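From first to last, the protein sequence lines stand for chains U and D. Numbering of the first sequence is given in our numbering, commencing with residue 1 and proceeding in unit increments. Numbering of the second sequence is given in our numbering, commencing with residue 1 and proceeding in unit increments.
There's no promise every hint is true.
[Claimed, not checked] Examples of chain D residues lying across from chain U (beta carbon under 8 Å, computed):
| hint | residue |
| --- | --- |
| 1 | PRO163 |
| 2 | GLY166 |
| 3 | ALA167 |
| 4 | ILE168 |
| 5 | GLY169 |
| 6 | ARG170 |
| 7 | TYR179 |
| 8 | GLU181 |
| 9 | ILE672 |
The hints are simulated quantities; they were obtained by calculation from the structure and are not laboratory data. Note that the coordinates shown come from a computational prediction; the quantities given were computed from them, not determined experimentally. Cβ atoms here follow ideal geometry from the backbone N, Cα and C, with glycine treated the same way.
Listed below, chain by chain, are the residues.
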Amino acid sequence: MSLKKVHDDQPKEFEFSSENLKKADDILKMYPEKNKKSAVMPFLYLAQRQNNNWIPLAAMKYIANFLSMPYISVYEVATFYSMYNLAPVGKYFVQVCTTTPCLIRGADKIVKLCKENISPKENEISKKGNCSWMEVECLGACVSAPMIQINESYYEDLDEKSTKAILESLIKDKPLKPGSFRGRKNTSPEKKQLESGEYRA
Amino acid sequence: MPKITINGKEIEFEKGMTVLQACELADVEIPRFCYHEKLSIAGNCRMCLVEMEKSPKPIASCAMPATEGMNIKTNTNLVEKARKGVMEFLLANHPLDCPVCDQGGECDLQDQSMYYGVDKSRFVENKRQVKEKYMGPLIKTQMTRCIHCTRCVRFATEVAGIPEIGAIGRGENMEITTYLEKAMESELSANVIDLCPVGALTSKPYAFEARPWELKKTESIDVMDAVGSNIRVDTYNWEVKRILPKLNNDINEEWISDKTRYSCDGLLKQRLEVPYVKKNNKLQKSNWDEAISILIEKINTTNPNEIGGHIGDMVNLENALAFKKLFSILKVTNLEFRERNFYINSKEKSNYIFNSSIKGIEEADLVLLIGTNPRHEATMLNARIRKAYAQRQIPIFSVGDPGDLTYDYTVIGNSTDTIKKILNKELEFSKKLLSSKKPIIIIGESALELKSGQYIIEEFKKFLKKNNFINKDWNSLNFLPQNASTVGLIDLQILPNQKEKNSFFEKLKNNEFKVLYLLSSDNLDIKKNNEFIIYQGSHGDRGAEIADLILPSAAFTEQNGLYENLEGRVQECKKASYPIGEALEDWRVFNLILKKLKKNENLSNFDSLRKEVLELIPNFTKLNDLPSYNEIEFINLPSNFVSEKVIIKELDYFFTNAISRASKTMSECRQIKKDSKKTGTDNL
Numbered sequence: 001m002s003l004k005k006v007h008d009d010q011p012k013e014f015e016f017s018s019e020n021l022k023k024a025d026d027i028l029k030m031y032p033e034k035n036k037k038s039a040v041m042p043f044l045y046l047a048q049r050q051n052n053n054w055i056p057l058a059a060m061k062y063i064a065n066f067l068s069m070p071y072i073s074v075y076e077v078a079t080f081y082s083m084y085n086l087a088p089v090g091k092y093f094v095q096v097c098t099t100t101p102c103l104i105r106g107a108d109k110i111v112k113l114c115k116e117n118i119s120p121k122e123n124e125i126s127k128k129g130n131c132s133w134m135e136v137e138c139l140g141a142c143v144s145a146p147m148i149q150i151n152e153s154y155y156e157d158l159d160e161k162s163t164k165a166i167l168e169s170l171i172k173d174k175p176l177k178p179g180s181f182r183g184r185k186n187t188s189p190e191k192k193q194l195e196s197g198e199y200r201a
Numbered sequence: 001m002p003k004i005t006i007n008g009k010e011i012e013f014e015k016g017m018t019v020l021q022a023c024e025l026a027d028v029e030i031p032r033f034c035y036h037e038k039l040s041i042a043g044n045c046r047m048c049l050v051e052m053e054k055s056p057k058p059i060a061s062c063a064m065p066a067t068e069g070m071n072i073k074t075n076t077n078l079v080e081k082a083r084k085g086v087m088e089f090l091l092a093n094h095p096l097d098c099p100v101c102d103q104g105g106e107c108d109l110q111d112q113s114m115y116y117g118v119d120k121s122r123f124v125e126n127k128r129q130v131k132e133k134y135m136g137p138l139i140k141t142q143m144t145r146c147i148h149c150t151r152c153v154r155f156a157t158e159v160a161g162i163p164e165i166g167a168i169g170r171g172e173n174m175e176i177t178t179y180l181e182k183a184m185e186s187e188l189s190a191n192v193i194d195l196c197p198v199g200a201l202t203s204k205p206y207a208f209e210a211r212p213w214e215l216k217k218t219e220s221i222d223v224m225d226a227v228g229s230n231i232r233v234d235t236y237n238w239e240v241k242r243i244l245p246k247l248n249n250d251i252n253e254e255w256i257s258d259k260t261r262y263s264c265d266g267l268l269k270q271r272l273e274v275p276y277v278k279k280n281n282k283l284q285k286s287n288w289d290e291a292i293s294i295l296i297e298k299i300n301t302t303n304p305n306e307i308g309g310h311i312g313d314m315v316n317l318e319n320a321l322a323f324k325k326l327f328s329i330l331k332v333t334n335l336e337f338r339e340r341n342f343y344i345n346s347k348e349k350s351n352y353i354f355n356s357s358i359k360g361i362e363e364a365d366l367v368l369l370i371g372t373n374p375r376h377e378a379t380m381l382n383a384r385i386r387k388a389y390a391q392r393q394i395p396i397f398s399v400g401d402p403g404d405l406t407y408d409y410t411v412i413g414n415s416t417d418t419i420k421k422i423l424n425k426e427l428e429f430s431k432k433l434l435s436s437k438k439p440i441i442i443i444g445e446s447a448l449e450l451k452s453g454q455y456i457i458e459e460f461k462k463f464l465k466k467n468n469f470i471n472k473d474w475n476s477l478n479f480l481p482q483n484a485s486t487v488g489l490i491d492l493q494i495l496p497n498q499k500e501k502n503s504f505f506e507k508l509k510n511n512e513f514k515v516l517y518l519l520s521s522d523n524l525d526i527k528k529n530n531e532f533i534i535y536q537g538s539h540g541d542r543g544a545e546i547a548d549l550i551l552p553s554a555a556f557t558e559q560n561g562l563y564e565n566l567e568g569r570v571q572e573c574k575k576a577s578y579p580i581g582e583a584l585e586d587w588r589v590f591n592l593i594l595k596k597l598k599k600n601e602n603l604s605n606f607d608s609l610r611k612e613v614l615e616l617i618p619n620f621t622k623l624n625d626l627p628s629y630n631e632i633e634f635i636n637l638p639s640n641f642v643s644e645k646v647i648i649k650e651l652d653y654f655f656t657n658a659i660s661r662a663s664k665t666m667s668e669c670r671q672i673k674k675d676s677k678k679t680g681t682d683n684l
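Isolated chain D, as found in the complex (with noise of 0.2 Å):
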């Protein structure tokens, strides 16, 4: 390896790296604002600069390549020198106003001007006023405070895939907008907030509501949608100010979506704070012992065949299992999760995960897609997507039209039919697929929930398999669930037999539950007759609407809980918060509804329940990582096709789970969309 000189101590380094990135290596610090690790290199804001031996001038270290031999010197009077000079340009047109700035605590230019910075302005002439720029609902802006180290431009082109922002006029005119003032259309638009060294882009939902190092900050796990970004919850007492990114390279990058920033509102409301009873066809407030009493009485009146349970899109493995214990000693069998019937093949658990792994995407030649829009179902993996695309063009093609994906993709047809053609190799894609080293197959939900569904999956895996795509290194068949607690629910064993697949759907439709236990359950469609409902849950929203009976429990943020994302990785999300009013946590309340039943010897608690979910997961290795296989079985299954339409049933983004609802900046979001999308993107 080729080596370098930093302040007189050899080291090596890879070769293409920068200086900057030498530098690090060498644990020697340099001060920066535009250069970001996972965006392109500008060299615009000149705050890197370093001494080069044999060099003139001090060079920008963020942009000069590393070579062999280099003696690089950053401890000298002339870089300090220069540092200085360029935080005293920097500074010249910035206004002082840290004490109003939202950045305040955590701002790159404030942090950095003291170390830096000198401490007084030899500037007198007027500092420049730049108007704010309207930048949608969740970006505030105060441009005056502007630095021009343009990452925001660089992340919508680069990583968002949205060349939205630019930075208009030119020298001491120029601006950072977004092209007339348009609200950002990105998934991804809130990520600019962390990335803006100052405090021009500052979080609007989150605009003066505190200061940094007020907050209490917990690392946890996102569960708006199933790709499980890490996160940090930032907690001010009990309320949740906000939520960040956590960086993590083999998921999420340095980026979250906006639906995970921003449903943080929505869990201060709607929330419910006590049990509640129906009584004269109103539901009134009540509380535990009575509530438990009216829910035993209805189960112990009750055939256990006629009992149906659901478990919800956010709900935690351990809580999962304790509902599963729960209805078992209770002799229940009708358990589901899903919230429409889809085709999912538990038996192996390569059949329902994301196989390639979101890293594995960078590494893909060939990406197809079935039936999914991942932009909106997994709002990070179709970055990560992107991000392959842009960095070496690989070929994207669909089955089914999910619209703007943010890259470029072929559709190459709308229906099954155009599966089977792959599979018997009739089409000019065939070709390409088999001659691709590592292709992706993603098939999602809206593929599975055809009559053909059981076709897609498991012709497809034959065909790879045969060809071997499906191999030790690399497997290329991919289901990309849509919800947090799909992929752990499945390796609960809560999935009803295959025997009587569909008698859960088949009997909700028909109306044959007298007692319906929802938990946390809001997207599943009810048509209510005369079903005694129970919802547990943590929001007043679809489920609550139709309920008899209403149990408070604690959300995401307000317990540890354990949550398998799409690649079959086993994460904890831990509690930031602690639960409102009498709400409890889903186990503590089946433990109170067992006492009641005096089943005393049931109990869970929490760390046992821990284990035990642990040790029924299969193929898990250990948290955070993938699982691994010995060795991939193969049953074949007969399945029958029928060709269909492959109709991707559209998301409503911003309103998927019951926070999303009831946050208000999610509302506005989705308000704003739905605007765009009235009058078209072309109204100048």
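Pulled out of the complex, with its shape left as it was, chain U reads as follows (with noise of 0.2 Å):
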């Protein structure tokens, strides 16, 4: 499940720092001066971004007076979309693909490990570092299953041994490089067709 309910401790004021101000300037331009309130979602996302990765009711209230619009259309936005986080996470916030393709491969040994060195909870801050982790759906990354999303890099071809050493990096704050963990370049493939039709390594 994402982080759908409400912080118990909440930051009293929020307001745009001035380089998000300047980009929500840029993106207010994108829309007619009528449909102003469609810049809800990208205000959310940059109020997300400046906020620790987790946005505030201040932000929420902020967001619909720049845009006037009711308190509660923004609410309804925010708890509507899984990737606005409404309580905090931690500073390396672990989202483990648990669809079908990652499932198959083995997603489930992932999520077992997350549990055992982050929280055994989800959305649950680590005791040892500063670590959050939660289950999500697609990822949109099946070619290169299993796979985690840590803040903004995706970590993929994962098996046991290498999320190990990719979640105590992350708990020594030395997190390792994002991308293929089988050495595999973007997500091209690792054998290659000949032209009998058969693969070869």
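Mind assembling these two chains? They're in different frames, but the hints should get you there.
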């Protein structure tokens, strides 16, 4: 499940930083004036980026006032989409894909490792370090299943050993380089197809 | 007109109708949950699926526009199966708690699962459980029962104009809630209870009070404000259990205000059951005989010039007429019904009613409010203005600042100078007004109370007449009275003579009355000195507090009576219950007095009173209809202009009359409103 429960401990105020304010203005330019509330989704994302990867209520109100929308409408959008976090997450936010292709390729083992290494429960910030993890639906990298997303980077072609190494590196605050952990370049095929139709390594 | 075939029957339909509406024309019933005539179309419950020829799948009839030559079938196996399937999904997460649910007996889901559902469940998984949400003192929630039709969300956004309810989360985890579970800040909030097709939103004050089939239902009229909303009064024995709206597209459509709906618990509290007489400076229980004797003795020993009478805000026309007759027998002329001294020109009916009519607001292309806050003074009328605003974005202006009205408006000024400028075409606004086709000018009591009250209405009338905004089809000039009795009592000519216009209020102020007879009058500002005050009414409220003699009478739900609403529409309020204790209808009390006075020949009876009332009302057509005019007369009245500020008197919305002041629910609402004002709406 996603982080859809509003966090108890809320900051009182929120405002876009000057840098984000500039970005917000650029975003607004993409929509006609009368439809400016269309900017609510990129705005929420901006707010999430600015506020350690989660959106406080103050930010929703700020955005609602910014776009002259009712509070409830912003709240509806923020609770609808699973990629908006409504409660704090770890500095390293691990999202484990558990949709079918990843699951077939062993995502359940990754989940088990997360439970052992980060925290026994989803969305709980780990005791040892500053990580939290969460099961998510398909992240669109089925070709390199199983995979996890840490903050904005994809770690692909995982197995138990590599996952463990990644998680440990997070706890040590020295994350490994993202990408394929089986030496693949992007998502290129590992075997070459011959003219006869056979595959060869 | 285009034609559509429904179940083999060809019918004509109007362009723009949906398949569901066309089916209704053909008398084919389509089950539905999310569709509601007065709200936008959502199409999310899927209960209205029907079969359409050439469509491989059944279609949602509520969202599908009807087109020429469509062939719709609603009685096929496919449709039956689709309905069963939808019903099964809706019931998958719906609890089986009908025996303890307040909606039982009037539940759409219950009824439709009887007709269209399957008799057993195949759902073996756990049902979802949703926490209750707080939505204020009027709405009890049981969100596990919610089927997510989103009627309440659409109502709050579209009709009430308070976008505070929404659906959070998605899929199985979707929940309906107010923003952070705040109470809904609308005077129409409780209508979501009627809209809810299941027991998710039910009435908090009515919780576990009665089942719908136990209640006696009486169709009646509301008297909390001058709109005259049509209501249904549900009674259990003597007690009024609840008040519901009755559909009347000319007045309140399908909604009523929270005050109309929930003041009814005030009918049970603080009631006057027996006459009271003040002895040794203390009110003591008495009986009719003694009370009437004291009253007559007082009246006989007092000069008629020193007797005053005041008729309250919720008195019906028959009783008012009987009171007037009693006073003319007693040769008393000081009779008044206004609570504050505002200007009324009673010569012509169109001077003191809402001429454009409530339904007419929908045709208007410009609204100007002068010294009125329609949201509090006439909630249902305000909902109509909002409807016109939401549908066509009509421009709305105001002289004086009424605060949040649930729609956008422009304040063009705060003083009478602004009005003068408008009339002299000195403002930009005058051009807009003149270029509009059907403007509506709404003048409130607060404006007429001003020194230039006469100027405002008379000069505006001249101006509108000159520019042809007052003609046979359209009359732009509107007066917005605040009390249910106002228009009717002007019609009965209870207003004192124009010449000695201020005499009643001046005499009252100077304590010139020796005897003051208050007929259900609680809002009059009285500084008691030595007057002997007779209070006749239903509630121990402000009037009874200062009274020396109290005569108990019936409340509006306990007697038949006519009321005239602000449009001049005469409507009948019906007896739903009977008077409590020894209380009597007002006209019966007057008969008791006349009998004691040995003036038997003047005794009134109800039927003759009503007949007389209907004869007295000018421009009367028939019950429930608007008045008609042959020719609108114009008398040029000189008027004085005084430059002053237009101040809109703030109404204590939940506490405007004796019944609502006695109501526990109303005082809770009032408290919540006060608290939310104190902290502001911006406290997370």
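Q.
Checking each numbered hint in turn, tell me which of them this model violates, lowest number first.
A. Those not satisfied are hints 8, 9.
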